[in-house]
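Residues in the sequence shown are numbered from 629 upward in steps of one, following the working numbering.
Everything labelled a hint here was simulated from the structure, so no lab data went into it.
Keep in mind that the hints are not guaranteed to be accurate.
[Stated by the list, open to error] In silico DSS-like cross-links for lysine-lysine, where the CA-CA straight-line distance does not exceed 30 Å: (1) LYS821 x LYS687; (2) LYS799 x LYS636; (3) LYS793 x LYS650; (4) LYS646 x LYS821.
Please read all numbers here as calculations on a predicted model, not as lab measurements.
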Amino acid sequence: PCAIDNAKWFPVNKIEAKKKLKLPEDKLVLLFMSTNGIKDFRKGFEYIENYLKSSNITKDKIILLNIGNNNNLKIQGIEIININETFNGSPKELRLYYSASEILLAPSILEAFGQVAVEAASCGTPSIGFVNTGLADAISHRYSGYLAKYKDQNDFNNGLNWIIKNLLKNKYYFQYNCVKFVNDNFSSNLISKKYIELYQKILNDI
């Protein structure tokens, strides 16, 4: 898989990250990122919108942080902060946004790998996505986040509510699991050793 450089990707203190970004400390920040904004159907924003419009969620406890070319998204009854720019994979900026957020929303219906979920996990932030996409490799179900049934709005809602329920008990509920999941599966040291082992095996078979 793609590797994560642990020297560049790591958790920033959540309170300090929220202060730097001027985000409310008393709310759960839900992060959605898409270079082409909500218009990119592959990113599955409709599932997020449907969730946020449902009547059985704690709207006063959450805020949506919307990053990308999103044309000032508005949803009635939901507090939204639109950041109309992209960061092109810059760890210094992105790890601040990942660390300040409680959940990364990644309901892509077409995704090759799910790098953003691995980056978020390296910063201690859980993600929600769908099985049958690249997110299935980037999220450990009910450990570093939640993998909903493919294109299943009800399971997506239930999974997001499950994550939120645990975070309301403890904002750091998933942090250890997320960082460990990345270190055990995606650290650059681990992946480089796997490449060396593969090359050695090929050379020995010649």
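Okay, the hints, checked on the actual structure:
1. LYS821 x LYS687: violated, 46 Å
2. LYS799 x LYS636: holds, 23 Å
3. LYS793 x LYS650: holds, 24 Å
4. LYS646 x LYS821: Violated - the C-alpha atoms of LYS821 and LYS646 are around 36 Å apart, more than 30 Å.
Hint check: violations occur at hints 1 and 4; the rest are consistent with the structure.
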